Each structure stands twice: as structure tokens, then as C-alpha cells.
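As they're listed, the protein sequences go chains A and B. Just so we're aligned, residue 1 is where the first sequence starts under this note's numbering, counting upward by one. Just so we're aligned, residue 1 is where the second sequence starts under this note's numbering, counting upward by one.
Simulated from the structure, these hints should not be mistaken for lab results. Heads up, some of the hints might be wrong.
Here are the computed distance ranges between Cβ atoms for each label pair [as the list claims (entries may be wrong)]:
1) B/G148 with A/C136: 36 to 46 Å
2) B/D151 with A/K154: 44 to 54 Å
3) A/F101 with B/P177: 23 to 33 Å
4) A/K123 with B/D56: 37 to 47 Å
5) A/K123 with B/T10: 42 to 52 Å
6) B/S11 with A/N53: 14 to 24 Å
7) A/G69 with B/E62: 29 to 39 Å
8) A/E16 with B/G59: 32 to 42 Å
Here the structure is a predicted model, which means the values were calculated and not measured. Cβ coordinates follow ideal geometry from the N, Cα and C atoms, glycine included.
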Amino acid sequence: MPSIKMTVNGKEVAGEVEGRTLLVQFIRDHLGLTGTHVGCDTSQCGACTVHMNGRAVKSCSILAAHADGAEVATIEGLADGDTLHPMQEAFRQHHALQCGFCTPGMVMSAIGIVNDNPDPSEKEIREALEGNICRCTGYHNIVEAIGAAAKEMKA
Amino acid sequence: MYDFEYQRATSVDDATTKYGGAEDARFLAGGMTLIPVLKQRLDQPSDVVDLGDLDDMRGISEEGGAIVVKAMTTHHDVNTSDLVNSKIPALAALAGTIGDQMVRNRGTIGGSLANNDPAASYPCAVLALNATIKTDKRDIAADDFFTGMFDTALDEGELILAVSFPIPEEAGYKHFPNPASRFPIVGSFVAKGADGVRVAITGAGPCAFRQTEFEAAFAGGLNPDAIKDIKVSDDGLNTDIHASAEYRAHLINVMTRRAIGG
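Using the sequences and the hints, build the whole thing.
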């Protein structure tokens with residue numbers, strides 16, 4: 001069984017996994033960080049999105065062993081104490097959620113989108129959200145929230 | 001997913017040695033196809049040899065009139081490379097249409113080519129640009145590489161190291177995306193280079209192929225009108241719930257004209 005170590009939300013973590021253990025299983029079942037969701041489990045919905053070495057990735061499609069040595073950031077690591085990350089705050093202000101299941105993945109993806117494109121147009125945001133599915137179909141407010149957060153993150 | 005022996009390669013030699021020493025191994029590049037395939041139990045390798053640590057298999061350079069993209073370079077890195085955007089902008093744009101943000105951050109050109117999905121985007125660029133696939137054993141010409149659905153000229157355990165794309169005078173790519181998956185239902189890549197005009201199609205058949213009747217029609221220049229009256233045969237093209245062979249044949253002409261601004 002591979003022994004792995006990685007940094008998750010700034011903390012060193014370690015564990016024993018099977019070769020087939022997915023990164024999302026390690027995050028949820030081994031570390032107890034259940035903010036990262038498993039939605040479709042077929043790499044289409046983006047609910048499991050985390051950041052690995054600074055890039056948004058689908059943690060249901062990466063082996064935990066592959067992430068050995070990586071820096072991983074999950075939804076739990078975004079807020080600074082009681083102060084939400086500007087993307088989380090924008091989602092709250094713009095009511096960018098209905099049932100909330102897709103929200104952690106949406107927020108992690110959205111931060112990736114704005115990191116790559118600090119001033120995205122509405123069209124660019126809609127295209128860049130290709131990999132995240134909201135089955136409540138609440139996209140409109142999500143797009144507005146990302147646009148607002150982009151301005152806040154630039155400021 | 002069935003369990004397997006996970007092995008992490010420390011060099012290209014180590015990767016091929018580990019592969020050769022296993023009963024039935026698979027190389028793991030970005031994993032954007034392999035991991036979903038394993039999760040669906042469509043494959044059951046004894047070993048997975050992870051190439052993730054091989055940093056010397058990543059990067060893009062210009063060498064003697066060609067852009068060389070190493071095999072573990074991600075779609076995101078090709079899409080955002082200044083070099084690719086300045087020398088072969090159609091290739092950079094194509095990379096930006098693959099999957100989504102998260103897939104482009106992980107998926108690699110080598111993995112895409114080795115897998116040879118019938119609807120993969122890169123194969124038509126490789127064919128139209130007359131690229132050379134460089135492996136740990138030899139150089140393979142694009143025309144010899146794609147041999148069938150999910151099938152390539154690669155031998156068992158042969159590893160793609162890089163792809164060398166001759167810089168064209170002009171090139172363009174256009175695809176008609178599946179409305180749900182965004183995979184090309186049909187994609188067309190047109191390139192005018194030292195070898196004349198080459199046109200390659202993805203998504204329409206078992207694997208990417210050249211549309212030679214268009215190439216001949218473009219001998220006088222890349223004018224969309226030169227092919228508008230050519231009716232493409234639907235013989236051997238794919239039919240599925242998304243599009244019939246006849247519709248794909250129609251799209252081959254339309255996407256090719258749009259690839260060159262028509």
C-alpha cells in the first residue's frame with residue numbers, strides 16, 4: 001500500500017492508501033474534509049474540484065498516490081477565520097446557490113477561472129464553467145457572483 | 001475500480017523498465033481517460049506506472065522550424081503558451097477547446113495521442129500539420145500513427161516522449177461540439193505548409209483521417225469556395241445517437257470551410 005504525504009490547506013498530512021484510492025476519497029474519508037463533494041463520479045460535474053499545486057482539478061479523477069507531495073487546497077481552507085474568501089462572500093451576496101451541492105466545486109473552479117483571467121466577461125465566465133454542473137440550473141447568479149468576486153479579488 | 005500495483009517512475013528508462021517488468025501495465029499521464037476507464041471497470045491492469053514526476057517530459061520549444069511539445073505537457077500549457085500562440089495559433093486554440101478547465105489542467109498531449117479516441121481533438125492537428133511523434137524507440141510519422149479506433153502504431157510499452165509540429169504558413173481549426181460533452185462531433189484542421197495543404201478530420205470516423213479530395217481542391221489556395229460543391233461520402237463514418245454518418249459527412253465540409261474563415 002502506498003504511503004503518501006501531502007499538504008492540504010497548509011497542513012502536512014500523511015496516510016496509507018490503496019493504489020486505487022482516489023484523491024477525493026483520501027480528502028473525505030481519510031482526512032474528514034467532507035466539503036469536497038462527489039457528484040457524478042464520472043468526471044463531468046466538477047463537484048469534487050480542488051486545487052492541486054495551484055490548479056483546479058477534479059479530485060475524483062486523480063489517484064491519491066499521484067498527489068503524493070502535492071499542495072492541495074479544498075473549500076475548507078479558503079476562509080480566514082470568520083472572514084470568507086471574496087469568492088465565498090460573493091456567492092453569499094448574490095445567492096449563487098440553491099441546494100448547495102455543487103457549490104464547493106463551483107467556488108474552487110471559480111477561483112481557478114479568476115486566477116487565469118482576472119477580468120472575465122460574462123461570456124468568458126459561462127464558457128469557463130463548462131466543467132461544473134448545477135442541476136438546480138442556478139447558473140445565472142453563479143455567473144454574477146464570479147464577476148463580482150473577480151472585481152473584489154483584483155482590488 | 002479494481003486494485004492494481006501503483007508504481008511511480010523516476011525517469012523514462014525507469015518507466016519503461018517498470019512497465020516491462022509488470023504482467024499487464026498501463027502508463028498514467030494526466031489520467032483524464034485512464035482513471036474514468038478504470039473506475040468503470042472497463043480495464044483491469046496489474047500495474048499503473050505513474051509518469052507524473054517526469055518533469056523532463058514537460059515543456060514546449062522551437063527546434064529547426066518546428067514546435068516540439070513534450071508528451072506530458074498539459075492542454076492548458078499548450079493553450080496558453082506564447083510560443084504556440086505565436087507560431088501555430090490554431091494549435092493553441094484547439095488545445096483550449098478540449099474538455100473543461102480542470103481537464104485541461106491535467107490532460108496531456110501524449111496521453112491523448114496514445115489513447116486515440118475517435119473524437120479526440122489533437123489527432124487531426126497532428127495529421128494536418130504533418131507532425132512527427134517521437135517515442136523512446138523511434139520517430140513515427142503522423143500518417144503512420146493513427147491505425148484505428150483507440151489503436152495506434154505504438155508497440156506494447158512504447159512511450160511517446162514528444163510531438164514535433166512543423167510550423168505552417170497558415171492553419172485553422174473548427175469543430176462542431178457535442179452539445180453535452182463538447183467533444184467534437186466533427187472537427188477539421190487545415191494546414192498549409194512545406195508539403196502543401198493538408199486537411200484532417202476528427203470525430204467522424206473510427207479515428208482521425210485526411211480528407212484528400214479537399215487537399216487537392218485547395219491546391220490553388222485556401223479558398224472556402226474551392227470545396228463548397230464537394231459532397232463528402234458518408235461511407236465508413238460513425239453513426240450514433242448524436243449524429244448520423246450522413247450528417248457527419250455534411251459537417252466535414254462545413255467545418256473545413258469554417259476552419260479557414262468561410
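So, going through the hints one by one against the coordinates:
Checked against the hint of 36 to 46 Å, the pair B/G148 and A/C136 passes, with Cβ atoms roughly 42 Å apart. For B/D151 paired with A/K154, a C-beta distance near 48 Å keeps the hint of 44 to 54 Å intact. Checked against the given bound of 23 to 33 Å, the beta carbons of A/F101 and B/P177, roughly 26 Å apart, stay inside it. As the Cβ distance of A/K123 to B/D56 is approximately 38 Å, the hint placing it in 37 to 47 Å holds.
The given range of 42 to 52 Å is respected by A/K123 and B/T10, whose C-beta atoms sit roughly 44 Å from each other. At roughly 21 Å, the beta-carbon separation of B/S11 and A/N53 lies within the given 14 to 24 Å, and the hint holds. For A/G69 and B/E62, the hinted distance range of 29 to 39 Å is satisfied, since their beta carbons lie about 31 Å from each other. For the hinted restraint 32 to 42 Å between A/E16 and B/G59, the CB-CB distance of approximately 34 Å keeps it satisfied.
In the structure shown, no violation is registered for any of the earlier numbered hints.
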